[in-house]
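Chain by chain, the residues run as shown.
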Amino acid sequence: MADALVEMRGIVKTYPGVVALDGVDFTLGAGEIHALVGENGAGKSTLIRILTGAEQPDRGRIRLSGREIRPRRPAEAQRLGVAAVYQEINLAPDLSIAENLLLGREPRAPLGWIRWGEMRRRARRILGDMGLEAEVATPLRHCSIAVRQMIAVARAVDQKAKVLVLDEPTSSLDAAETSRLFDLMRRLRGLGLGILFITHFLEQVYAVSDRITILRGGRRVGSHAARDLSRLALVSAMLGKAAPEAAAARPRTRPVDSGAPARLVARRVFRRRVVQPFDLTLRSGEVLGFAGLLGSGRTEIARLLFGVDARDGGTLSVNGKTVQHHSPRRAIRCGMALAPEDRRAAGLVPHLSVRDNILLALHASRGWLRRLPRRRQHALAERFVRSLSIATPDLSRPVAQLSGGNQQKVILARWLLMEPTILLLDEPTRGIDIGAKDQIESLVGDLRARGMAIIFISGELEEVARVSDRVLVLRDRSVAGELAGADLRLSSIMERIAGSGGGDGGA
Amino acid sequence: MRDVARNLLWPFAAVAILMAFNALRDPAFLHLRLVDGRLTGAMIDVLNQGAPVMLLALGMSLVIGTGGIDLSVGAIMAVAGAAAAAMLHSGASSASAVGAALAVGAAAGLWNGSLVALLGIPPIVATLIFMVAGRGVAQLITDGEIITIAPDAAILAIGRGSLFGVPLPVLTALSAAGALAALARLTSLGLFIEGVGGNEEASRYAGLSVRSIRIAAYSIMGLLAALAGLIDAADIAAADANNCGLYLELDAILAVVIGGTALTGGRFSIAGSLLGAVLIQTLSTTILRADFGGRSVPVELNLIIKAAVVLALCLVQSGEWRRLCRPIRSAAA
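Sequences listed follow chains A and B, in order. In terms of the numbering used here, the first sequence has 124 at position 124, counting the first letter as 1, and numbering is strictly consecutive. In terms of the numbering used here, the second sequence has 214 at position 214, counting the first letter as 1, and numbering is strictly consecutive.
So here's chain A without its partners, still in its complex pose:
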């Protein structure tokens, strides 16, 4: 690369107990859109935080246009020409577009007055240069997220940014808005800016990027021109698996019994900007896996099915009954249970005891008046602590003091004692040790044998392939295919995740 705009060399960053970046090199050229991809914990955020001055590296050098820089604060990086537009956009929603564009740089009259006319003219020119159309007096609050994002980009560019970091700018945009943003990005590329683009959507990586750098576990696994990197190779690199083309089909322990009663049927269910319409049938005694990259819609579908988020359309029936207004409370009453992906945010009540956390859903379903006698509570909680071997000194210990694996088992216990007919497990094994993981996997097998209908979601593809009878592959917020029987192999899952450019999909 002749004119490297940004060169990061040997960047190391450690946090207590974690090596976030382990000697990462990264090069961004002028007039280049460069996608940075990787699963959670790969180090993407840390790398851009270092580039934009929000963090300092332990080791390593950063050069901008050949000059070594060491930004200590985002403001300093911005002065040097590195600007970032984050997911939560740092704009003032109650100010107008013009005020936001020129915040802190308002044209002043001699007495320090703001020259409003001049300000609006300048704002209009900035928007014009970017090919954006908007009335500059409009308060930002009234603009769509897409427009706000583009205003943030426009402001950065107007502040003489040479490097633009876009951290998941499309996560809340629809297709039309996304393509407008891409147009803007291409325009800026034409002006010679270097754009670092982070997204979880593979389609978008290929739609707009010139180069792709892949991080995994704090290391750079590769940096390629987008046209030289197949989707399958990209997915393999992100997940750290060579595409096992020749892997033998794993015999299913049990064929899927298509005569078993359908527990959960979804038809054309969707939520705007979150999940494209999908169909799904879940039968008694089967494990349906969801496989897909982060942000592919796997958690979002689980939330729709359980009624955490309202669906915008489609029909859903649970155990034969059509469900209209859905909520977790109703879903539970219909016999559903969801162990959420984010245990801390959506699972545990941290300073309540292990016992209260285990019994929370049961108490909720009984209502406030029909409290279980204390002895019965104790016996129930005790039984599940023992059967799931939850390691806790006693039942009245605050659940926050338990390890991650044991916390996960507390949530499983909460739902198992409700004896659901449909169990949704979202990342039940994330962040827990191998032993607990094996236990949870074999538990899933037992529950299936007892006729429970289970949805198993995991970012670990082998795990999904190992545990599930059928797998729905998700890509870019929609269902990209279903695999079962002999087709259910790691390689075919990866091909489906990679989508079109990924070679011949399926078997």
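Since the hints were derived computationally from the structure, they do not count as laboratory data.
Selected chain A positions facing chain B (in silico; Cβ < 10 Å): (1) Phe306; (2) Val308; (3) Ile332; (4) Leu338; (5) Leu348; (6) Val349; (7) Ala364.
Which chain B residues stay away from chain A? Per the calculated CB distances, all over 12 Å, these: (8) Leu18; (9) Ala86; (10) Met131; (11) Pro151; (12) Gly161; (13) Gly165; (14) Ala179; (15) Leu246; (16) Tyr247; (17) Ile287; (18) Leu288; (19) Val310.
The calculated label-pair distances, taken between Cβ atoms and stated as ranges, are: (20) A:Arg105 <-> B:Glu320: 37 to 45 Å; (21) A:Arg61 <-> B:Trp321: 42 to 50 Å; (22) A:Ser403 <-> B:Glu201: 19 to 27 Å.
Backbone N, C-alpha and C fix where the C-beta goes; we use that ideal spot for every residue, glycine too.
Mind docking chain B on chain A? Use the hints.
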């Protein structure tokens, strides 16, 4: 349990120290006598005068337990008192006046709870609305005047009567505490409140009806505030829309905080809030009784002393403050 005991230690010690201080200055402080079949004495006065704040603090601990706050309780007192007095004035019986006051209080709580739970208005803003509007409503009811209650009205017993020698306000506050403790421990309501306050999202996933729990907490609060308003009106035999319960929301919140309930929600202690309310009243009484060289403490100083004691209590209970003090203590050792 150990947590609760530790949280109660300081307020308990503070009450004991204040009592000892009073007893040393005037041994009569500790005397209890039966006069006309009724217990009298300075300590009974403390409890009697503290009853409204005790009631408010009880309800406030539930509301704060859900992660909320209620600034309108003083105004609810005023509306309830005004409603009762107006009913009596128009010839209604004492019983129906009490019923009306309680209904008005519960309705006000329902209103607050609905704003918070259904419309998602932050509790401090939602209850500020009734804090301001409630006094207006009370003034409308009383036509801006102080409505007096006839000296022979049965309703006055709520503020002045006694049962088995114990003043009724004290009995009312203690029974309310008992009822709430039963509600919290014998039903699942206490757990639900702590669940909603501790992690609303997780509670929703577990199938709790977060909205109804919030609304229930504010409604119980409204009911208790109405009871406090009745005691106040019966005590002075008048409904004063402007001054009934004025600033008592602050005393109630302080009582809850002193009692070891975190304003962040997820935890509450009935006993702690009761003790906090007793402490606040003991403090006021102590300051009122104290005199320096024959002169009583001026009112301005009263408030400052109160603030200082409350600040000191909050500091000893604050983890941050303890951490700050640790290096100093070890340096001194």
